[in-house]
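The whole structure should be built from the sequences, with the hints applied where relevant.
Residue numbers (this note's numbering), protein chains in the order written: chain A, 126 to 316; chain B, 126 to 316.
Keep in mind that a hint or two might mislead.
The following label-pair restraints were derived from C-beta to C-beta distances [what the hints assert, rightly or not]:
1) B/D182 x A/F161: 27 to 35 angstroms
2) A/S150 x B/H267: 50 to 58 angstroms
3) A/D182 x B/G166: 24 to 32 angstroms
Which residues of chain B face chain A? A partial, calculated answer using Cβ under 10 angstroms [what the hints assert, rightly or not]:
4) G236
5) D272
6) F282
7) V298
No lab work stands behind these hints, which were simulated from the structure alone.
All values derive from a computational prediction rather than experimental measurement.
We put the CB at the ideal spot given by N, CA and C, even for glycine.
There are 2 protein chains.
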Amino acid sequence: MSTVIDVPETSKNVKGRAISNPRPSGWKKGIAIMDFILRLGAIASALGAAATMATSDETLPFFTQFFQFEASYDSFSTFQFFVITMAFVGGYLVLSLPFSVIMIMRPCAAGPKLFLIILDTVFLTLATSSGAAATAIVYLAHNGNQDSNWLAICNQFGDFCQQISEAVVASFVAVVVLLLLVVMSAVTLPN
Amino acid sequence: MSTVIDVPETSKNVKGRAISNPRPSGWKKGIAIMDFILRLGAIASALGAAATMATSDETLPFFTQFFQFEASYDSFSTFQFFVITMAFVGGYLVLSLPFSVIMIMRPCAAGPKLFLIILDTVFLTLATSSGAAATAIVYLAHNGNQDSNWLAICNQFGDFCQQISEAVVASFVAVVVLLLLVVMSAVTLPN
Numbered sequence: 126m127s128t129v130i131d132v133p134e135t136s137k138n139v140k141g142r143a144i145s146n147p148r149p150s151g152w153k154k155g156i157a158i159m160d161f162i163l164r165l166g167a168i169a170s171a172l173g174a175a176a177t178m179a180t181s182d183e184t185l186p187f188f189t190q191f192f193q194f195e196a197s198y199d200s201f202s203t204f205q206f207f208v209i210t211m212a213f214v215g216g217y218l219v220l221s222l223p224f225s226v227i228m229i230m231r232p233c234a235a236g237p238k239l240f241l242i243i244l245d246t247v248f249l250t251l252a253t254s255s256g257a258a259a260t261a262i263v264y265l266a267h268n269g270n271q272d273s274n275w276l277a278i279c280n281q282f283g284d285f286c287q288q289i290s291e292a293v294v295a296s297f298v299a300v301v302v303l304l305l306l307v308v309m310s311a312v313t314l315p316n
Numbered sequence: 126m127s128t129v130i131d132v133p134e135t136s137k138n139v140k141g142r143a144i145s146n147p148r149p150s151g152w153k154k155g156i157a158i159m160d161f162i163l164r165l166g167a168i169a170s171a172l173g174a175a176a177t178m179a180t181s182d183e184t185l186p187f188f189t190q191f192f193q194f195e196a197s198y199d200s201f202s203t204f205q206f207f208v209i210t211m212a213f214v215g216g217y218l219v220l221s222l223p224f225s226v227i228m229i230m231r232p233c234a235a236g237p238k239l240f241l242i243i244l245d246t247v248f249l250t251l252a253t254s255s256g257a258a259a260t261a262i263v264y265l266a267h268n269g270n271q272d273s274n275w276l277a278i279c280n281q282f283g284d285f286c287q288q289i290s291e292a293v294v295a296s297f298v299a300v301v302v303l304l305l306l307v308v309m310s311a312v313t314l315p316n
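What follows is the structure, encoded as structure tokens:
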């Protein structure tokens, strides 16, 4: 944390020669390039999470008194929300790539960085909410809940549970990367 | 959005006389005071959410074949996570008040602002995840899920459902305020 706090003070001391001295700009350029690469990773995990969840579907060869033939993501409105949200986050991240490129070309411009921080934070919240809501349902599907008599369905729908768990993990990766993106943009923001 | 992007450019133009001109500093001071007030609101809603959830408890005067006598927040591990997380978020927000005061006294210092942005973002993610996970369970408690044969329990436990719904709404207020805090700090960050 001490590094993070020290940075703006250092920048302020060399503010007078910031244009002639390439070092502060070079440091910010490195972060901007990392931002671009992390954004590509976040796109892959967000769209991967949406696709994995959207294709989750299992039909059982038998049925019992309590369980039906088929389990699919659209049985649960939480999972529908998950698919839509993750697709949105992936789409936003694709659209944010040009701004990330601008940050690489002009590492000291505050405008695009501010724009990205604010939208990244909003979509971080969106991705976190859908990931966490899906996690709560996946947990119930695995373990059930005795007090409310909700039985675990993963004994019956093993492959379905496997696939929704993978989608949730992919969404966590996207959330962590978005969190990193916000922190990285914030650190490079003070002139 | 155009206002947000224009701000750093204006600041850059007047950078040379920023110290002698009180206007940019006064603008930032107003935001810092609003930050402090919003933080107080977020503390109230986060701790209120934790307390409401932690005291949710309903004992029925009768029992059926499927439902037990009592519903309480510790029947669901998601709600336990909710109480712990919201208490943490409330505690962090109390501890962040001194930094908010420093921001009021020194509106142009980037250090405390960066510190608060990064921690605010982390606790925003934490609050969002617990709020969203609890929402998924509250939704199930209200509506149930036919495909997995999870029955709605709110017919039996009406007061319990009322209380957990209130806790979830309070957590949403805390999330929105934290989001606002991050955006406000980010906007005032460029010198």
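Outcome of the hint check:
Separation of B/D182 from A/F161 is about 51 angstroms and departs from the stated range, judged on CB atoms against 27 to 35 angstroms. At about 54 angstroms, the CB distance of A/S150 to B/H267 agrees with the hint of 50 to 58 angstroms. In this structure the hint that A/D182 and B/G166 lie 24 to 32 angstroms apart at CB is violated, the actual value being about 44 angstroms. A hinted interface residue such as B/G236 counts as satisfied when its beta carbon comes closer than 10 angstroms to some beta carbon of chain A; here the least separation is about 5 angstroms, so the hint holds.
Interface restraint check for B/D272: the shortest CB-CB distance to chain A comes to about 4 angstroms, inside 10 angstroms, so the restraint holds. A least Cβ separation of about 9 angstroms between B/F282 and chain A falls short of the 10 angstroms threshold, and the interface hint therefore holds. Nearest Cβ of chain A to the Cβ of B/V298: about 14 angstroms, over the 10 angstroms cut. The hint is violated.
Violated hints, in rising order: 1, 3, 7; the structure is consistent with all others.
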